[in-house]
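Trainee: Protein chains in written order, with full-length UniProt numbering: chain A, 1 to 283; chain B, 1 to 283; chain C, 1 to 283; chain D, 1 to 283; chain E, 1 to 283; chain F, 1 to 283; chain G, 1 to 283.
Read the hints as simulated data drawn from the structure, not as lab findings. Predicted, not measured: the structure shown is a model, and the values here were computed from it. Don't be surprised by glycine CBs; every beta carbon is placed ideally from N, CA and C. Check before you lean on any hint, since a few could be wrong.
[Said to hold, decoys possible] Using C-beta positions, here's what the derived DEER-type ranges look like:
id, chain 1, residue 1, chain 2, residue 2, range
1, E, Asp228, C, Asn187, 17 to 27 Å
2, C, Asn187, F, Leu151, 24 to 34 Å
3, E, Lys265, F, Lys230, 30 to 40 Å
4, C, Thr222, A, Lys71, 50 to 60 Å
[To be verified] In silico BS3-like pairs for lysine-lysine, Cα to Cα no more than 25 Å straight-line:
id, chain 1, residue 1, chain 2, residue 2
5, D, Lys265, D, Lys201
6, B, Lys259, C, Lys172
7, A, Lys243, A, Lys211
8, C, Lys21, B, Lys21
9, C, Lys172, D, Lys172
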Amino acid sequence: MNQILDFYGKIISLYDIKIFKVCFDILKVIIIAFISKKIGYFLIDRFYIMQERSKIQFPEKKMKTLSSLTKNVLRYVIYFIAGATILKIFGTDMSSIIAVAGIGSLAIGFGAQSLVRDILTGFFIIFEDQFSVGDYITINNFSGTVEEIGLRITKTRDFSGELHIIPNGEIKIVTNHTRGGMRALVNIGISYEADVDSVIKILNEICDDVKKSRDDILEGPTVLGITDFKDSSIGVTIVANTKPMQQWAVERELRYRIKQVFDEKNVEFPYPHLDVTIKDGIK
Amino acid sequence: MNQILDFYGKIISLYDIKIFKVCFDILKVIIIAFISKKIGYFLIDRFYIMQERSKIQFPEKKMKTLSSLTKNVLRYVIYFIAGATILKIFGTDMSSIIAVAGIGSLAIGFGAQSLVRDILTGFFIIFEDQFSVGDYITINNFSGTVEEIGLRITKTRDFSGELHIIPNGEIKIVTNHTRGGMRALVNIGISYEADVDSVIKILNEICDDVKKSRDDILEGPTVLGITDFKDSSIGVTIVANTKPMQQWAVERELRYRIKQVFDEKNVEFPYPHLDVTIKDGIK
Amino acid sequence: MNQILDFYGKIISLYDIKIFKVCFDILKVIIIAFISKKIGYFLIDRFYIMQERSKIQFPEKKMKTLSSLTKNVLRYVIYFIAGATILKIFGTDMSSIIAVAGIGSLAIGFGAQSLVRDILTGFFIIFEDQFSVGDYITINNFSGTVEEIGLRITKTRDFSGELHIIPNGEIKIVTNHTRGGMRALVNIGISYEADVDSVIKILNEICDDVKKSRDDILEGPTVLGITDFKDSSIGVTIVANTKPMQQWAVERELRYRIKQVFDEKNVEFPYPHLDVTIKDGIK
Amino acid sequence: MNQILDFYGKIISLYDIKIFKVCFDILKVIIIAFISKKIGYFLIDRFYIMQERSKIQFPEKKMKTLSSLTKNVLRYVIYFIAGATILKIFGTDMSSIIAVAGIGSLAIGFGAQSLVRDILTGFFIIFEDQFSVGDYITINNFSGTVEEIGLRITKTRDFSGELHIIPNGEIKIVTNHTRGGMRALVNIGISYEADVDSVIKILNEICDDVKKSRDDILEGPTVLGITDFKDSSIGVTIVANTKPMQQWAVERELRYRIKQVFDEKNVEFPYPHLDVTIKDGIK
Amino acid sequence: MNQILDFYGKIISLYDIKIFKVCFDILKVIIIAFISKKIGYFLIDRFYIMQERSKIQFPEKKMKTLSSLTKNVLRYVIYFIAGATILKIFGTDMSSIIAVAGIGSLAIGFGAQSLVRDILTGFFIIFEDQFSVGDYITINNFSGTVEEIGLRITKTRDFSGELHIIPNGEIKIVTNHTRGGMRALVNIGISYEADVDSVIKILNEICDDVKKSRDDILEGPTVLGITDFKDSSIGVTIVANTKPMQQWAVERELRYRIKQVFDEKNVEFPYPHLDVTIKDGIK
Amino acid sequence: MNQILDFYGKIISLYDIKIFKVCFDILKVIIIAFISKKIGYFLIDRFYIMQERSKIQFPEKKMKTLSSLTKNVLRYVIYFIAGATILKIFGTDMSSIIAVAGIGSLAIGFGAQSLVRDILTGFFIIFEDQFSVGDYITINNFSGTVEEIGLRITKTRDFSGELHIIPNGEIKIVTNHTRGGMRALVNIGISYEADVDSVIKILNEICDDVKKSRDDILEGPTVLGITDFKDSSIGVTIVANTKPMQQWAVERELRYRIKQVFDEKNVEFPYPHLDVTIKDGIK
Amino acid sequence: MNQILDFYGKIISLYDIKIFKVCFDILKVIIIAFISKKIGYFLIDRFYIMQERSKIQFPEKKMKTLSSLTKNVLRYVIYFIAGATILKIFGTDMSSIIAVAGIGSLAIGFGAQSLVRDILTGFFIIFEDQFSVGDYITINNFSGTVEEIGLRITKTRDFSGELHIIPNGEIKIVTNHTRGGMRALVNIGISYEADVDSVIKILNEICDDVKKSRDDILEGPTVLGITDFKDSSIGVTIVANTKPMQQWAVERELRYRIKQVFDEKNVEFPYPHLDVTIKDGIK
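Excised from the complex, chain A in its bound form (with noise of 0.2 Å):
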């Protein structure tokens, strides 16, 4: 009897001393929390600050938002770690806990990975000057003028008038049509009956006039000479280097050139042709 009385003072006095350390180290965590806390805001207030006078500048509400939204990942971020040791003070078992927090932290990792992809190519592009705005370029067969250019986002506006989003982890490939001059080509066919060396005079004159009549042409068009055997027609093809964009207006004024100057010269155009055996049917 005496012996379980003396133990259970042991156990008392024993447990005195822990609640008394239990309540110190509780006390000593919520104060490192506290001061945690406070020096993360001021590092994420400097570092922000310190952003807005680097070369990516990002709009002053953005701003703002990103600041709080960092902020509110910090103070749960301490808030669990804070949790975390208190429970381990009462002796929980930490593993499990960490397990059951694995399931959430695998899971935001997976789902925030793209983001990362994001803001990782977005860097590059912006740093290796993939492309600027109001450059026309292809990304995954949408074209399109740059309109802007995000850390996460990058928007293209199409000659359709639509508006592509585009998140920058989406960008493997880039094509840029703004970067030299670009080629304008214009494919004709003739008539397997036509003198091919006159009609190939007559372009050469056409690429001449061309030419002189316009400023935006870099290289002069040439007749390439022929290019393919069609069904009903030869191929030529006429090439030149322009400046960016300007290759449609190129290429139409050509076209609109070759056709006046065949209707003068009286160069045909080949329709399709077949050649036909009429059979001996009933007829």
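Guided by the hints, dock chains B, C, D, E, F and G onto chain A, whose structure is given.
Mentor: Showing chains B, C, D, E, F and G alone in chain A's frame:
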């Protein structure tokens, strides 16, 4: 013999204390679990109340369901941690429990990642204002007018009346047709025999007429010129910049006028043409 | 010699106690495993009873199968943990066991993730009411009337009578054809020689007639105008907004009336047209 | 000198005892491994005996192979754990062993996941009765009559006689053609010159005749009406609901009758039609 | 001063013993590594000898290469573990070693998973007897006669003589053309002007003739009836069930007979047909 | 009471010492962090100086940016480790910090893997000299002349003037058109009525002429013979082996000569041919 | 006061010893690192010397580059481990370092896996002798003659002269065109009006002639019979088995002979055929 008895006594006394301590520890775990649950419930309630004042508003019913769902998840998590801690007190091997739990968490984590991606993308769509209710957009070849933007899904209604329900995580590249003027584009085929200059003059007059008669055109219909040499016709293109969603009406108007004026002025729409040579058959 | 004997004695005594303790520990593990099983079974039963009162109802037979399945899984998990704990008592290296178990859990976890995704998506389909039994929907190019919505699979029956069994995890973008009015659309080709104004007038009269004679049309059939210049005909389009699933009947009605009236009023349906030039052949 | 000898003596004595203990420990590991193997074999045998009484029956030969396979795996696992534990007794660094084992387990785990997915999907196909032996189904564009449903693979035989062996994990969307009536569908082209009303009347009579003469039609063949304006003909559609797998016979019957009756009543099947204008050529 | 000397002495003595112990430990590690290697080599040899008596036989040369490869891998693994254990004895931080090793193992593990998948699938192909050498099979659109089935790759030879070398992991759905009778199928077009009944009668006679003259037909060629209304002909289908790989010969035989009999009985094969209306042109 | 005071005293003294030690530890951490940063900066600078002398040269500006970027990353890493170590000194639970950090690292790790792949592939392209600046290559259907090869991206310029910016990680199979002679290939259609032998003779003469007149042909144009029986013509093929990038010029030359010589020698280019049977129509 | 001094003294003495020990430990780490580097370098050199005598030979220059690359990697790994061990001696928290390192290793591990896959597949290609230099093979639709087989990449040269550089990891299914005889296949269209028997007789004679005149035919060209009923012709097929790469020459030879003999014997090659009915037009 004496030694064994003595040893037996020692074990008994050892386990007495241990059992005592075990009961005490289990009690502690249960109390902490209970308090954690209460605190968790309180925080969840507060979070949802705070949410009510935020931008992205949920209908109240959904709110309730979500709140009770979150509480359920919390409850099971706390039960699991408490259970694991109690098992640990009894000296069960934790690593095997974690391994077992790992199967589940891996599966859930992977399975849930699409949910996380949905919500994250949804957040960015709203935050970056990629489209609003009423916009006509195209996502993965599914076009439609936006009816509802949620954190997890977006609903668009097609012209054909079909309702497309699109998880936000499936949204990669968004094409918005209602941000700025849209292009109306009409392709007309002119006979190779026709006089291109006079036809273009007629088309220019039609463009001026249409421009005057409609107020939904932002930038006058313009005749671009010869845009293609086709098999049986010369392709001429007219483009205009219209208010969004009016492009089709403008195109129909242009086509109607062209048909009218061409009929008046005897300009022919060329049919497909074929040159035929009758070869010596049996005939 | 004496020393060895003494040492031998020590080991014996050491192991005596250890064996004693080991037996005691094993007993403890078995008892805890037994109790855990009982509690687990009780909780599973209670969960399924609770489930019965919830929204998503399962047929009783399925319930029983699932309940016994869950119990089976629990039993094996408990056996595994108990076995691992006993092995640990004998001092077996746990990390190697975990490594071995890891192979299995990784495979199972990966394999099971599609199951988790099925159930999660199924939950959201029901929770967000994306479609109900009887709706006509399209998922991944598989159309059909919904026959059954489950947590794991959805069954739709095609017009052709085929039953599509679709795991919910495969459902990304849902197109629901029965939420609001559907569009009936009829394309008619008019000859280039025809008088467009009079044809459109006739079509307008037909539209008025159809509108009067049917009560499943929500928004009168309207002649949109000239929607295409085709090779051999001018494309005119009529659209109407009908009650869901009635769009095809309305389209057939419209086509029937058009055929009748065109026959009456001698409006021709244009056949494909070809201009032919007979070139100087041998003839 | 004395000190060194003394020290040497200490180490000897230390290692004497250690060697003793090591041998003892190794013996213990071997015994436990032996017992574990026996118990494992017993449980595997019992499991397979139990399996024999369950629903999904395996042929006995497969049973034996699987049982011996499982025992083999168990044996190697036990050898590996025993080996690792013995190495640990000698003080080898376990983490490096685990790292090495990790390479293997990662590879095996990833490689085996498709096996797990096969079995899991197979289980659900049987549990949910998605199809049975004899059903005509379509999976990933492979159609065929089901010949065998296994836990890992499903075998279907195509009409062309080909045997498709499909791992269950490849089965996503199942289309079952033998659950309920199937649709027979015949498209007929009617000349634009024909009298639609009379043709439809004739078709209706044919439908009635076919309905009477066959008992595998669930819902009478019905003339839907004009379902398409085609280039050279008006599309009329007949549908019927038949017993599964009889739809093609009904379609052939319908086509045969239509041909017969049209011949009798001089209704023409329209050939492709072309309007030709002979332009002024050289002729 | 005295104290420092004393302290220095202590450290020396400490390290003396430690160095002694370290040498002893290193020796122990080397001995264990040596023994492990011997045992490992012995087990590998025994495994390959056992393998020789099993079903899946390897050519002896391959056996030797594989055996020496396995021994090589074992040797490097043992070297790595021994090295790591020695480094640990010197007190190097293991976790950083593991982290470094982790990079490699992750890469190797991922890279090797396709190897594991190959072997696993190969095992199942042989175990389930999905195809045997000599079968004509189709895998991922690569058809061919199986020349060799290995654990890692399968070789098939195409009719064109090409040898396809297919890693087993690439094999998903196998189509086996040599398990049971194959279908021979001939589509014949009959003129719309022809008498279907008499043509079908003729075809039936041909079928009977073919049936009699060949012994590789399992189920007589049958005329299915009218299977399609085509633009210029009525589609009639004949099917037969033949011994595997004989279906093409039967089809050719059927076509040859049909051509012969149709020539005899003056049944025409219809050419594509066009109805032409000459519209009022300039002519 | 006395005991409590005594206990209180003990705790105070304990914590006095502890606080002392904590301050000391924190100081130590800060000093080590500071030194590590200095050493790290020095090593980074040295690395970049060394890099300057290596093969793959970067422009100086890029060098600076990269160097400051690396220093930034190092700084944050050191801050993070120092912060974590200080938190640990205060007794915070590290595993929860790691768990939180794990979310981030998982996301970053996954996101950054494409960067690593880019650089690794880039390294191999340069190391294996897969292509050099000026080569004409094809990657994933994007052809172009290489303008720049970087560690992360490769830039190629298309004939149309478009600049393709291709991340190296996207480069799988490279097709290099400028490593060795290229094939010029001309397909000519010969009438079925023509005398093949004489035509081939004429073509052979043309080939000889072209061979003599050009010095960019490595292996003379050869007439392969009849390579196809086409619907309306016999396909004859001419091939030549030319210097890279000259193949198109050679093809055009060949076509031009063929047209000239065929005109001279009255060899016809066959138009599409059709046999027509006029069936008994109304005529 | 006295106590504090005393305490201070204790700490000093403690740290004195500690600093002593720390210096000693750091020295030890540096020495071990130095020795490890030496041993590693020696082993790498020996490995490459051994490699020189093995089957897969590398050019010496590559050897040197690889050897210096491996040494570089080893050096950085040893630096990293030594650095980490020193930091640990100072008491830095290792888990946070590992976490940071984890980001990098994850990224590198993922990025490097394609490298591992390349080498592993390369090893199997060589080990299994899937193709040799000079073979004509097809991989992922890229055909070509193998020019070089490496551990990481395979180079094939297309008939068009293009060099395809294929990473071995991209090689899944290999089609080898030079293992055994190849099939030459010629499809001929025969007029429906022609006498099939006599034509086949003529073709058989041609086959015999070709067989005699060429020695690269393994199995005589055979007329298979009627393989297709086409729109305007009966398809007859001739096949032969030839030495690899000779199939195209044999096909050309066969086509040339057929054309010659058909011309001689007045067998016509049928043109596309059309039956035309002139309907009552305005004419």
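Trainee: Flag every earlier hint the structure violates by its number, smallest first.
Mentor: 2, 6
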